[in-house]
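*Asks:* Here are the chains, one letter per residue:
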Amino acid sequence: MLIVECPNCGVMAEETELVPGGEAHLKRFGPESSDADFESYLFQRENPRGVHFERWRHAHGCGKWFHAARCTQTLEVFGTYSAQTTEPPQDIRERVTAKRPGWTWRTLS
Amino acid sequence: MSTRLQTGGRLIDRAHRESFTFNGRQMAGFAGDTLASALLANDQMLVGRSFKYHRPRGVVASGAEEPNALVGLGSGARFEPNQRATTTELFSGLTATSQNHWPSLDLDVGIVNDSLARFLPAGFYYKMFMNPRPFWKYVYEPFIRQSAGLGRAPKVRDADRYEHFHAFVDILVIGGGIAGLQAALAAGRAGAQVLVMEQTAHWGGRAPVDGVRIDGRPAADWVADTLAALDGMENVTLRRRTMGAGVYDHGYVLGYERVTDHTPCTEGPRHRLWRVRARQVVTATGAIERPLSFAGNDLPGVMLASAVRDYAVNWAVSPGDRTVLVTNNDDAYRTAICLKEAGLEVPVIIDARAEAAGELPQAARGLGIRVETGKGIARVKGGKRVTGVTLCAQAGEGAVLEEVACDAIAMSGGWSPVVHLWSHCGGKLTWDAEQAHFRPDAEHAPTSHDGRPFVIAAGAANGALHAAATLSDGDASGKAAVKALGFKAKGGAVARAEAAGEKPPAPVWMMPQGADIKLRAKTWLDFQNDVKVSDVQLAAREGYESVEHAKRYTTLGMATDQGKLSNINGLAVLAQSLGEEIPQVGTTTFRPPYTPISMGAIAGEARGPVFQPLRRTPMQDWHEQNGADFEPVGQWRRPYCYRRGGESRADAVNREVRNTRQNLGLLDASTLGKLLVKGPDAGRFLDMLYTNMMSSLKPGRCRYGLMCNENGFLMDDGVVARIDDQTFLCHTTTGGAEHIHAHMEEWLQTEWWDMKVHVANLTEQFAQIGIVGPNARKLLEKLGGMDVSKEAMAFMDWADGRIAGIPARVFRISFSGELSFEVAVPASRGRALWDACVEAGQEFGLMPYGTEALHVMRAEKGFIMIGDETDGTVIPQDLGLHWAISKKKADYLGKRAQARSHMTDPDRWQLVGLETLDGSVIPDGAHALAEGHNANGQRKTQGRVTSTYYSPTLGRGIAMALVHHGPDRMGEVIRFARLDGGDVEARIVDPVFYDKDGEKQNV
Amino acid sequence: MSEPTNALGGVRYDGIAMIEEAGPRGMVTLRGDLDAPAFQKVAIGVAGVAFPARRAIVLDGDRGLAWMSPDELLLMMPYEAAGDAVAALGERLGDAHHLAVDVSDARAVFRVSGGAAAREVLAKLCPVDLSPAAFEPGQIRRTRAAQVPVAFWMADDDSFDLVCFRSVARYVFDLLSTAAAPGGTVGYFRHGA
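Chain order of the listed sequences is A, B and C.
Straight run, no breaks: the first sequence in my numbering ends on number 1213.
Straight run, no breaks: the second sequence in my numbering ends on number 1059.
Straight run, no breaks: the third sequence in my numbering ends on number 526.
No wet-lab data here; the hints were simulated from the structure.
Misleading hints may appear alongside valid ones.
Stated by the list, open to error - With a Cα cut of at most 30 Å, we get these calculated DSS-like pairs of lysine-lysine:
#1 B/LYS437 to C/LYS374
#2 B/LYS754 to B/LYS944
#3 B/LYS812 to B/LYS996
#4 A/LYS1131 to B/LYS944
#5 B/LYS484 to B/LYS440
#6 B/LYS484 to A/LYS1131
#7 B/LYS996 to A/LYS1131
#8 B/LYS754 to B/LYS544
#9 A/LYS1131 to A/LYS1203
#10 A/LYS1131 to B/LYS754
#11 B/LYS754 to A/LYS1203
#12 B/LYS539 to A/LYS1203
#13 B/LYS484 to B/LYS574
#14 A/LYS1131 to B/LYS951
#15 A/LYS1203 to B/LYS211
#16 B/LYS193 to B/LYS211
Said to hold, decoys possible - Negatives, chain B to chain A, calculated, CB over 12 Å:
#17 GLU687
#18 GLN805
#19 ASP810
#20 ALA946
#21 VAL1040
Backbone N, C-alpha and C fix where the C-beta goes; we use that ideal spot for every residue, glycine too.
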């Protein structure tokens, strides 16, 4: 059972306090978007063995959403960060690079 | 025979006798006995029958690894099957029964399987029961189910109580032997928060039994001193009878504490599940001795050498008068020496090695014990009890050299570190060729959330088998753990352990090495599951090369002991059969728990009244006191109807509907979700959430709204009231309150964080009462306080005020088609308002009504219900709700999805009403039949019923359904399947059955 | 006019720790920009106590101010005072974007007292480090108790106040009573409360 630090309230929360929210940094496509873009937004998801960026909610806690950079293979949590961002901040990316040089995720690396 | 020795027994208190029964027979032991030691002291060597062949089986081990001595403990509400006698502490009044036999342990008919053993090899069931196919269901399966299973399941509700406990520590030490205690000492001295778990009732592990001396004194003295030191440290907690059950991700460890198993009459929980989060885990879990593989090694009287020693030293029990020792290592000689010193006979030590020149063998010879090197056991003699052994050359094929009479055999195939907890969370193993065992590979430890290793193996569990190494490895492990956490390990003198030196063992996987098939077919690997050497060899021949496949094919290591004794021997046989090395074959996966833990401990407090949360409205007591039949709605229990006198549920529902339509009904609507949405962008936000326009709603007014998810599917509906310019109160369905609140927060926090909107869930702040029916206004006027006239409060208006002196918000909304008000008051006043309504409403014919009457009335009006008309695949357009979908808005959640080709397909089933021609009620969920059959031979369908009720208002069955091109087929008669195979005809009609013009609610 | 009632009528259970239903207690949820000095000033003024740090609660008699999340506070006061507090907040915060609402009736409050035993009762139900070194007066923790959300803080050195939703008051009381049943002392927090 994982422990993840909620960056909003600072609690090192165990998984039973958290609700997973799937892949992070999806770009929403609305009316007028192409079928391909919309399909990708709704259904296409990364499924990496290794570095992944995810959404979590501290549901049984402060109630806030946040992002986590995590290794799906070893379950190492590289860091957590604000939900109010469209891509991982630089410091998080540097921490991932320090642990997993050469990582890639979508177009990031 | 096995018996109690006159003197000795370091764990028993001869002053306290404990009486117990085994299979109804009265027996006695001493305080400090285990059930196994007490049974042996009573010469009860035969304790059970094996699983497949029903062979007689006796105690083999002295601890958690015991495969045979499984008994049913207790009776009635405290009966529990498959309990290991070796880990059951004796107490007065204990009742135990043996398992897997009929009619009795001594006389068992199932033993016939043993004579048929050669027809029941590995995979027998898979091969035999393949054909003919129909036989499986009617002949084979019922027969196998009859004879399968180990022990009986309890039939009565468990009388005991269980609980969880969350603990957070720096360092968790699992195992209270000398390595674990020394690790705890090192960690405790450094100032870390330390928790030590020991699965038995005693500290010190094997060292006191094996005559180890620490700092020149008996190990037991050092253990006592160390415990006193640890107990004096505020940062160290010691728990006996607590097993480290499993190591999981990120330092999560489950501990299984048997709190009152040994004193069943005391208050308190029986078991406590420790849910520990540890920053470092030291697994000082010791090692388990391996059996040797020789013919007849499963007979009662054949035991592990270490167990024989344990019984003699700890409990003063001798398994026999004449014990033959068979070994491949020096350590086992301690057993022979200990027996000899206790005055018992050891006719011969059979050592498979070519020479035995170590300190211990010399000591044994010095006591006059005959040592035969290069020899093995050809076969054990005896039926329900060992009577002798035949010796052979280990290098040969089993030709008998001589026969030795004996009544017990102590065997030792070397030691395997207990690597289970190290391995649970991904710790890797390395093969130690010299010791012939797998031990933890420190380079590949399990890693935690920070990517750093969090498990350290210590002592014998780390392969440090000799006491001197065990103790110093414990110290090193404790220091490594504190160092990993940034504590400073304290220096100072470290205790030194001394024990007789040992020469390396020689791996012996078969005895004799060239044993023929007759011997191999009587040579057991897995005692509990009856897996023999010949079975594993057969599996290898048949192509089961993966150790995991071979395990499942043969059932090796699959029973309650999970192969604690059999794994290494089994995979060595598999490796030999495959011509591979042992490390290449590898082990099967070690999974938690280490030994079985009780279901009660896993459930913890969650049983009986607290099995799950049941939510209660402020009026719940009244409902319970006034005959409500409840139905679950989420975690709420809402009144389904209120039965009067001898009424059936259907009668009560019909009465409630009629009374509400004719007089006055009262509904507890408190469970509806109430979400307050406030901010300058609240209107814009709600326009995105609802399919219709909310920003245009005027303060003081209400509007019905639909909510879809991004897939376009309907997820919730309800009435929105605009409180003021910046504030809206959104009502959700009963089941929707929490998840719609979460849905709103998710979009606000993760997508539209630029919007200035706050949401608060006020569902529980208010009790809400529906006052429904032609007399609704009269009741409110009588209660007094607010002007609820048609002029002052029009349909879909709301207003704040006081009703019956209670601060209230009144909404004039209707889900029944009648004149209707919903009154919200603070939850603490809900019951008072309800009581006031009931009392004042008598003269107006008030009756409370439940959810079923609510459903019937909304269906009569053609109102949809989330969860009935919707199932996660239905869009508003399917339900004819185009009027509630804004054409003006550029965007709302679901809009883009509703433009996908499948969503705009005119062939989607659409909502209609149905009237049965014969007036009956269509079965719930019935499908509309179409002509022809599909590729699977199933009848084609053209629609399905979503809601179906008897309408007391219309006096007939009515229904709502999604039907292919339904709205274009008004008046057409289609057929629906009944469960009895027949069908029912129904006419497609408008879904609004009652008061189409809404005159009833507009008064 | 009726008096406000708490959810369970003030039940109590005397086990290894004492469980008592408290309340009704005045509670106001206040959401807004917690970093804004003006917002802080209003919150302090209406609550009548100092502004809490992250995950902290400031208590003074029956008044209090708790940090609930980065944009949410909980004000505590006598039950009768909640309505006025909401009005005062609305007035003083004016156009500043905020939400202030009375939630007094949405909650049930339990007092769990008994020193180390009180800590153990909570530690049986909540995945939280309740050791004296990790949890002390002045902290507030939102978490779950078994299957429902709760929040708790220490009312004094020996007791906790625990808040849950009103509808699950019975469930939570039963949970606490079960955890506090005789014989249930764990003895883990033996070294001081």
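*Asks:* Which numbered hints turn out to be false for this structure?
*Replies:* Hints 1, 3, 5, 6, 7, 8, 10, 11, 13, 15, 18, 19, 20 contradicted; others consistent.
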